[in-house]
Amino acid sequence: MAPAAIFLALFLVWPAVRALLIAFQSASGDFTGANFAAVFHEPDFTLAVRNTFLVLVIVIPVEVTIALVMAVLAQQRLRGNGVFLYFWTLPLAVSDLAAGLIWLSVLTGHGYLNSLLQDLHLIRHPVGFLDYNNLAGLVVSVVVAETWRSISLVMVIVLSGVQGIPAELGEAAAVLGAGGWQRFRHVTLPLLKPTLQVALILRTTAAFQVFAVVLVLTGSAFPVLATKAESWVYEYHNFQMAAVYAILLLGLSSASTLVYLVTLRTPRPVFQP
Amino acid sequence: MTRPSRMLAYGAAALLTLFMLLPIYLIVLAAFSSRAAIFDYPRPLLPGGVSLDSMSYFLRSYGVVPALGRSLAVGGLTVVLSLLLGCPAGYAIARYTFPGRDLAQLLLVNVRAFPLAVLAIPLLVTFIEWHLYDTVLSVAFVHTAMSLPFTVLLSASVFMRVPVELEEAAMVMGTSKLGAVVRVVLPNSIPGLAAAALFAFVLSWNEVFAAAVLTQQSTTLPAQLVQALSNSPLPFKYAGGLALTLPAFIFIFFMRPFLFNAFRGVAGAR
Numbered sequence: 001m002a003p004a005a006i007f008l009a010l011f012l013v014w015p016a017v018r019a020l021l022i023a024f025q026s027a028s029g030d031f032t033g034a035n036f037a038a039v040f041h042e043p044d045f046t047l048a049v050r051n052t053f054l055v056l057v058i059v060i061p062v063e064v065t066i067a068l069v070m071a072v073l074a075q076q077r078l079r080g081n082g083v084f085l086y087f088w089t090l091p092l093a094v095s096d097l098a099a100g101l102i103w104l105s106v107l108t109g110h111g112y113l114n115s116l117l118q119d120l121h122l123i124r125h126p127v128g129f130l131d132y133n134n135l136a137g138l139v140v141s142v143v144v145a146e147t148w149r150s151i152s153l154v155m156v157i158v159l160s161g162v163q164g165i166p167a168e169l170g171e172a173a174a175v176l177g178a179g180g181w182q183r184f185r186h187v188t189l190p191l192l193k194p195t196l197q198v199a200l201i202l203r204t205t206a207a208f209q210v211f212a213v214v215l216v217l218t219g220s221a222f223p224v225l226a227t228k229a230e231s232w233v234y235e236y237h238n239f240q241m242a243a244v245y246a247i248l249l250l251g252l253s254s255a256s257t258l259v260y261l262v263t264l265r266t267p268r269p270v271f272q273p
Numbered sequence: 274m275t276r277p278s279r280m281l282a283y284g285a286a287a288l289l290t291l292f293m294l295l296p297i298y299l300i301v302l303a304a305f306s307s308r309a310a311i312f313d314y315p316r317p318l319l320p321g322g323v324s325l326d327s328m329s330y331f332l333r334s335y336g337v338v339p340a341l342g343r344s345l346a347v348g349g350l351t352v353v354l355s356l357l358l359g360c361p362a363g364y365a366i367a368r369y370t371f372p373g374r375d376l377a378q379l380l381l382v383n384v385r386a387f388p389l390a391v392l393a394i395p396l397l398v399t400f401i402e403w404h405l406y407d408t409v410l411s412v413a414f415v416h417t418a419m420s421l422p423f424t425v426l427l428s429a430s431v432f433m434r435v436p437v438e439l440e441e442a443a444m445v446m447g448t449s450k451l452g453a454v455v456r457v458v459l460p461n462s463i464p465g466l467a468a469a470a471l472f473a474f475v476l477s478w479n480e481v482f483a484a485a486v487l488t489q490q491s492t493t494l495p496a497q498l499v500q501a502l503s504n505s506p507l508p509f510k511y512a513g514g515l516a517l518t519l520p521a522f523i524f525i526f527f528m529r530p531f532l533f534n535a536f537r538g539v540a541g542a543r
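Chains W and E, in that order, are what the protein sequence lines are. Here the first sequence stands for residues 1 to 273, where the numbers follow the working numbering. Here the second sequence stands for residues 274 to 543, where the numbers follow the working numbering.
In case anyone wonders, no lab produced these hints; they're calculated from the structure. Treat the hints with care, as some may be off.
To be verified - Some chain E residues near chain W, calculated using beta-carbon distances under 10 Å: (1) ALA282; (2) PRO315; (3) PHE387; (4) THR424; (5) VAL486; (6) ILE525.
All C-beta atoms in this analysis are idealised placements derived from N, C-alpha and C, irrespective of residue type, glycine included.
Turn these sequences into a full structure, and let the hints steer you where they fit.
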C-alpha cells in the first residue's frame, strides 16, 4: 500500500496543492489575486465557460438516455446480442484525439456527411458544419463526436448496474400487472440510482475537460476551459494563467460531484438481495 | 415481448450499431483512400481500391516514427510502474482489513474525477525544476498516477478471487508468505493482471493533454499529432486517426471478459 500511496501523494496530491499556489502567485512568487482577475477579463474566458457548459448540458443527458436504451436492449436477449455489444463497446478505448480525427473525416467541408447529402441531392453546396462562425454546427459536431466516443463507458457502467438488479423484481412487478415502461420507470430506474450517480460523476467531470475533440474539430474557433489551459502553456508559457484555468476546472468538477452526491443520495439500500 | 416491440428493439439496436460502426468504417476508408479520392467532392463513399499513400506519407512525416517509439516506451513504462506500485496495494486491499481501507478505496475511485490540467500544469513546473521536463519518464509518471487507482482496484478484485486457502496451503508446505504470493497467487492472477496492464497501456497510448503540455521535442504520438494539427493536410490527419485507433480494437478484443467485472466494482452498490 505504502509505495502506491507515496506515489499518488507525490503525483496527485502535491500537484493539486501546487496548482493552487501557482494560481495565486505572480511570476516572481508574490501572493496575488491578479491571475484570476486577468483570466476573468480575458475576452475568451466567457466564451470558454459558455462553450464548456453548452457541450456539457447537451452531452450528459443525451449520453445517459442512449446508454439506458442500450442497456435495456442488451437485456432483451436479442439474437446477435454479443455482436451488438462488441460494437457498442468499441470506442471505449478510442482516445478523444482519435475520435476528433475520425469525425473530422465525416464533418469537414468536403467530408463524408456532405458527400452523402450531395449524392442524395439534399444539398447543393457543402454545409460548413465546422465553420468558425457556425456556433450551432460547432456545438453539434463536438457533441456528436464526444457522445460517440464516451457513450460506451456510460453504457458499460449502466449495464453493469442493470445486470446487478435481481430479475425477480421485474418479474414480480410484471405479475402485478406492470407494463415494460412501468417496470423500467418504477423498478429499474430507482434501483439504478447509485450506478447512475457514478456514471454521471465520471462523465460530467470528464466533460468539463473536453479537449482534443474540440481542438481537432474546431481549431481555436470554439475555446473551452481545457483548450485555454493548454494554449496558455503551449503558446505563451504562462503557467499562472494556465493554473487558474486548472483550478477553475477542479472547482467545477468538485462542485458537480457534490451536487450529484447530494441530489442522488440513496439514504439506505432500497433492496439488499 | 410482443412482436412489434421486438421489431422495434431490433431496429433500435441496428441503428445504434450503425452509429457506432459507421465512423470507424469511414476513417479506415479515408486512411486507405488515394489523395485524389480524398480531395474529390462528393467523396466516394465506397472503397475504390486500396491506396497506401496516406499511411506511408504519415509514417514518413517528420517526427512520426520516433514519436511512435516514444509512445510505446511511455506506455511500457506506465504498465511496469503501475503494476509494480499497484499490485502490492491491490493485494493489501484484497487480503487485509486496515484502518482507512474503505476511505482508500473511495479515494481511488474518485481520483478519476480529478482534472488532468490540475496534474499536468503544476507537474510541468516541478519537472522543469527536476530537469525531467520534455522526457519520456515525466509523461510516464503522470500516466502512472492516472492509471494507478484503476490498477489497484482491478488487481484487488483479481486477488480476491484467489482463495486464501491456496496461499495457506503453500505456506503449510513450507514456503514463505512472499513465496506463496509469487508461486500461487500471481500465477493464478495472470489474466486479470494482463487486463490491468492492457488498461494502463491504452490509457497512456490515448492520453493527449498531459503529453502535449509536458513535452516539446520528446512528444508521444498523440502529442505529435496535436502539435502538427494546424499545419498538416487531411490525409495526414486521417492516417494518424487510424493509427491511434488500431490498438483500441485489440484492447477491446482482449479486455471484453474483464470489462463488465471491472466496472461492476466501480459502479458500486453491489
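The hints, checked one at a time:
| no. | hint | verdict |
| --- | --- | --- |
| 1 | ALA282 | holds (5 Å) |
| 2 | PRO315 | holds (4 Å) |
| 3 | PHE387 | holds (7 Å) |
| 4 | THR424 | holds (9 Å) |
| 5 | VAL486 | holds (5 Å) |
| 6 | ILE525 | holds (6 Å) |
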